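Undergrad: Take a look at the letters that make up each chain.
Protein chains: 2
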Amino acid sequence: MNGRRIVFVGAGGAGLTAAFTLARRAPDAQITVFSKDPVVAYSQCGMPFVLDRKILDFNKLVIYQPPVFKDLGLDVRTSTAIEEIDLDGRAVTTEKGERVEYDRLVIATGSRPFVPPVPGVHLPGVHTLLTLEDGKALYERLKDALNVVIIGGGPIGLETAPAFLDAGAKLTIIERVPQLMPSALDPEMAAIVQAHLEQKGARVITGRGVDSINGTARVESVTCAGEVIPADLVLLSAGIRPNTDLAKQASIDLGVTGGIVVDEYFRVRRNGKVLDDVLAAGDCAEVTGLITGKPVIYAVGSVANRQAKYVADNLLGKKTPYPPVLCPAVCVIGDLHVGNVGLTTHACEQAGITPLTFSARGATRARYYPGGKTVDIKLLSDGDRLVGGQIIGEEGVGGRINVLSLAIGKGMSPADLAGAETCYAPPVSPLIDPLTYAAEMLALKVARAKKSQ
Amino acid sequence: MNGRRIVFVGAGGAGLTAAFTLARRAPDAQITVFSKDPVVAYSQCGMPFVLDRKILDFNKLVIYQPPVFKDLGLDVRTSTAIEEIDLDGRAVTTEKGERVEYDRLVIATGSRPFVPPVPGVHLPGVHTLLTLEDGKALYERLKDALNVVIIGGGPIGLETAPAFLDAGAKLTIIERVPQLMPSALDPEMAAIVQAHLEQKGARVITGRGVDSINGTARVESVTCAGEVIPADLVLLSAGIRPNTDLAKQASIDLGVTGGIVVDEYFRVRRNGKVLDDVLAAGDCAEVTGLITGKPVIYAVGSVANRQAKYVADNLLGKKTPYPPVLCPAVCVIGDLHVGNVGLTTHACEQAGITPLTFSARGATRARYYPGGKTVDIKLLSDGDRLVGGQIIGEEGVGGRINVLSLAIGKGMSPADLAGAETCYAPPVSPLIDPLTYAAEMLALKVARAKKSQ
Chain W
1 MNGRRIVFVG
11 AGGAGLTAAF
21 TLARRAPDAQ
31 ITVFSKDPVV
41 AYSQCGMPFV
51 LDRKILDFNK
61 LVIYQPPVFK
71 DLGLDVRTST
81 AIEEIDLDGR
91 AVTTEKGERV
101 EYDRLVIATG
111 SRPFVPPVPG
121 VHLPGVHTLL
131 TLEDGKALYE
141 RLKDALNVVI
151 IGGGPIGLET
161 APAFLDAGAK
171 LTIIERVPQL
181 MPSALDPEMA
191 AIVQAHLEQK
201 GARVITGRGV
211 DSINGTARVE
221 SVTCAGEVIP
231 ADLVLLSAGI
241 RPNTDLAKQA
251 SIDLGVTGGI
261 VVDEYFRVRR
271 NGKVLDDVLA
281 AGDCAEVTGL
291 ITGKPVIYAV
301 GSVANRQAKY
311 VADNLLGKKT
321 PYPPVLCPAV
331 CVIGDLHVGN
341 VGLTTHACEQ
351 AGITPLTFSA
361 RGATRARYYP
371 GGKTVDIKLL
381 SDGDRLVGGQ
391 IIGEEGVGGR
401 INVLSLAIGK
411 GMSPADLAGA
421 ETCYAPPVSP
431 LIDPLTYAAE
441 MLALKVARAK
451 KSQ
Chain Z
1 MNGRRIVFVG
11 AGGAGLTAAF
21 TLARRAPDAQ
31 ITVFSKDPVV
41 AYSQCGMPFV
51 LDRKILDFNK
61 LVIYQPPVFK
71 DLGLDVRTST
81 AIEEIDLDGR
91 AVTTEKGERV
101 EYDRLVIATG
111 SRPFVPPVPG
121 VHLPGVHTLL
131 TLEDGKALYE
141 RLKDALNVVI
151 IGGGPIGLET
161 APAFLDAGAK
171 LTIIERVPQL
181 MPSALDPEMA
191 AIVQAHLEQK
201 GARVITGRGV
211 DSINGTARVE
221 SVTCAGEVIP
231 ADLVLLSAGI
241 RPNTDLAKQA
251 SIDLGVTGGI
261 VVDEYFRVRR
271 NGKVLDDVLA
281 AGDCAEVTGL
291 ITGKPVIYAV
301 GSVANRQAKY
311 VADNLLGKKT
321 PYPPVLCPAV
331 CVIGDLHVGN
341 VGLTTHACEQ
351 AGITPLTFSA
361 RGATRARYYP
371 GGKTVDIKLL
381 SDGDRLVGGQ
391 IIGEEGVGGR
401 INVLSLAIGK
411 GMSPADLAGA
421 ETCYAPPVSP
431 LIDPLTYAAE
441 MLALKVARAK
451 KSQ
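Going down the list, the protein sequences come from chains W and Z.
Counted from 1, the first sequence has number 153 at position 153 by full-length UniProt numbering; the numbering is strictly sequential.
Counted from 1, the second sequence has number 152 at position 152 by full-length UniProt numbering; the numbering is strictly sequential.
Hints were generated in silico from the structure; no laboratory data involved.
Just to be clear, a hint being listed does not mean it is correct.
When chains are identical, the list treats them as one kind, so a pair holds in a single copy or across two.
[Said to hold, decoys possible] Computed list of lysine-lysine pairs in PhoX-like fashion (alpha-carbon distance at most 25 Å, straight line):
id, residue 1, residue 2
1, Lys170, Lys54
2, Lys309, Lys445
3, Lys318, Lys450
4, Lys200, Lys170
5, Lys410, Lys170
6, Lys200, Lys273
7, Lys248, Lys143
This structure is a prediction, so every number in the text was calculated from the model and none was measured.
Hey, can you work out the whole structure from these sequences and the hints?
TA: Set out below in structure tokens:
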């Protein structure tokens with residue numbers, strides 16, 4: 001490999017995993033990982049389920065303890081923010097003033113929850129959920145909360161919603177757009193999620209923004225479209241923003257999404273010129289969307305983790321191009337598994353695609369076999385290819401999203417997916433899988449549309 | 001459509017489903033369906049779970065009642081065996097002597113359990129499990145059975161095994177080959193199934209045949225490799241044979257598998273000459289294996305059901321070629337879901353393929369999330385393509401088999417599968433899906449093997 005000194009700024013899913021992979025494959029590398037956080041190597045995605053007491057302790061989310069880093073020869077510096085990157089001098093400077101030189105630098109500074117510019121948003125009692133500290137702080141407050149407001153209908157807030165309800169709080173969820181999870185779901189699929197949350201006791205307000213968060217010493221209420229909603233705890237879940245301050249300050253190019261522009265080898269640019277010795281990956285960097293070919297930011301653990309392997313390859317001089325990203329995802333909201341992959345109808349329209357769609361409701365087991373669940377499926381096609389899918393149910397969602405991800409990723413048509421054989425046993429699936437049925441119906445619709453053209 | 005009078009012989013998954021599809025799409029067709037069985041339109045695959053009392057009543061397995069047939073204009077003649085097919089006269093004759101003419105004939109006579117040529121095999125108390133009557137008879141006997149022997153390690157017998165154990169019987173399973181489920185699993189994967197059954201209390205004997213079934217008025221014991229094993233109930237589960245007597249008698253060509261030879265439009269042949277007006281489908285007919293290109297019989301409900309659509313298309317004059325078959329399958333044996341698709345190592349060797357394989361044990365959820373299960377995965381490749389896979393676990397098997405089925409069906413390599421993005425949420429999956437991991441490792445093995453050539 002070119003140069004032995006590798007510095008990572010950030011120890012999340014992209015940075016730390018890449019550092020681990022590199023350490024295993026290049027034992028002679030001198031790897032330093034800086035994180036502003038006191039604890040690293042934990043699962044952020046698990047936090048809603050600790051809050052909901054499915055998982056008994058935040059410490060269970062910590063995947064590697066510091067001795068593992070030492071064993072691997074990794075120098076992981078926690079609670080150490082980087083203040084400056086000196087691209088010309090090939091060095092970073094810590095907040096403590098230490099200057100550390102590198103041969104290769106990886107910027108993996110991640111993302112942060114978006115804090116909407118609303119009066120009162122910085123009052124005590126207004127939380128975000130990103131770091132383990134955030135999780136622990138929320139857990140402490142959760143016990144005493146009587147009135148909770150979640151601002152934003154994104155997946156992290158909705159995954160956390162049952163924790164508030166189970167703790168006995170009165171919960172209001174406010175989403176500015178007229179539906180929950182607008183970046184993942186079409187409106188009628190989001191309505192299934194909304195109905196589930198309402199059935200569990202939440203009040204859901206969509207299509208109205210928050211005017212202000214109110215209180216003196218701490219939060220007391222939220223004003224939404226003129227209505228004052230009591231709140232002793234507020235959780236912001238209104239999307240994320242990439243952490244790019246450090247990159248921006250070093251004059252590294254940012255893209256239209258606000259994220260760091262990288263090429264397929266994760267190399268950053270300065271004034272349009274590719275820098276061979278500086279990579280960026282994870283939530284802070286743009287990726288290319290598979291269907292649209294356009295830059296996008298997917299702040300999802302599985303994407304970051306997947307990138308880490310490519311980053312390590314490229315640090316080792318093995319030029320492995322990172323392909324465009326589809327980002328299949330699933331989240332668990334109460335009893336519902338909510339999955340999506342590719343484009344929603346809205347995202348299609350933004351990309352100039354008028355999608356043909358088919359929606360089906362099926363079952364996860366033979367109808368005479370007890371315990372089966374309903375599964376709702378919506379598929380989208382641009383006519384030739386499948387371009388997106390959404391699946392919601394109490395079981396059998398993840399596997400079907402992965403089937404769809406493979407099909408969309410390989411450019412298959414609805415007919416291709418309909419033609420794929422599926423397995424059958426009464427306790428495991430219906431004779432005809434609902435995904436197969438939906439694909440068949442969409443294929444017919446596509447064929448009819450082509451005929452009528 | 002050519003000719004309005006369509007006769008189906010057999011009302012199982014292929015015949016009745018094709019008749020239903022045809023009736024819906026061609027309301028003017030005059031469709032007659034003959035079945036030797038008194039009840040049709042039920043789920044054979046559900047019977048093990050009625051025996052095990054997961055499903056409370058055999059009647060729940062009946063999917064359509066006779067009034068539905070009438071509503072659709074289908075003339076379904078139950079308890080009416082066909083004695084003869086007159087190909088030249090275009091007619092069938094029932095056992096009651098009625099002659100019914102056809103314009104198009106569909107032979108869907110299904111399969112029957114193989115009855116091994118063992119002394120005593122016809123004694124009362126020796127059962128097979130194919131029809132609803134078989135199921136009910138077994139259910140009645142099950143209550144009083146103290147000592148049960150299952151002859152054959154096929155999936156139907158193994159799915160039924162827990163019913164005997166739960167009823168308190170002492171159970172012995174005898175398989176002549178040195179492993180259970182030899183046509184679906186590699187030996188070490190079958191060992192997982194065997195250990196599960198043993199842990200539930202079954203005795204499993206492999207690699208030894210049955211010498212005789214003994215008794216006077218009814219079965220009393222089974223002799224296996226010289227050992228006399230007490231038995232008041234015996235279940236034969238030693239594979240199936242296609243029902244071809246009627247076809248054979250009409251001089252319709254049979255193939256190397258013993259099944260009826262059909263072309264891609266399900267048309268049979270007489271003395272090598274294709275007959276345009278006679279189709280055969282379901283367990284009685286050969287299909288072409290996707291990987292080997294060779295004829296094979298898959299007596300599986302999902303395959304028969306899938307064929308029905310193509311049969312209906314072809315009866316309607318819409319020539320839709322039926323593609324080669326991969327036959328993904330899953331069965332449920334106690335707590336285990338046991339899935340397979342494509343070729344086993346043994347089947348590879350028979351086809352002249354020396355497979356590269358990788359076996360992985362993974363988890364179905366994030367390791368810190370409660371309730372996750374172990375999943376065992378084995379993948380096989382011929383170097384370029386994935387050619388088979390086996391997955392065993394208490395959950396998450398069916399979805400992954402379907403991913404594999406899509407990948408193998410589309411001729412993907414292990415690297416293609418490893419490159420597919422998968423969704424992630426701690427309660428639904430690990431960060432890296434075990435199937436992705438297995439595919440990655442197999443891709444590495446394939447790359448190394450190519451390099452060393």
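Undergrad: Confirm or reject each hint.
TA: Hint by hint, here is what the structure shows:
no., hint, verdict
1, Lys170 with Lys54, "within (20 Å within a copy, 39 Å between copies)"
2, Lys309 with Lys445, "between (40 Å within a copy, 17 Å between copies)"
3, Lys318 with Lys450, "between (45 Å within a copy, 18 Å between copies)"
4, Lys200 with Lys170, "within (11 Å within a copy, 47 Å between copies)"
5, Lys410 with Lys170, "neither (45 Å within a copy, 51 Å between copies)"
6, Lys200 with Lys273, "neither (53 Å within a copy, 66 Å between copies)"
7, Lys248 with Lys143, "neither (40 Å within a copy, 76 Å between copies)"
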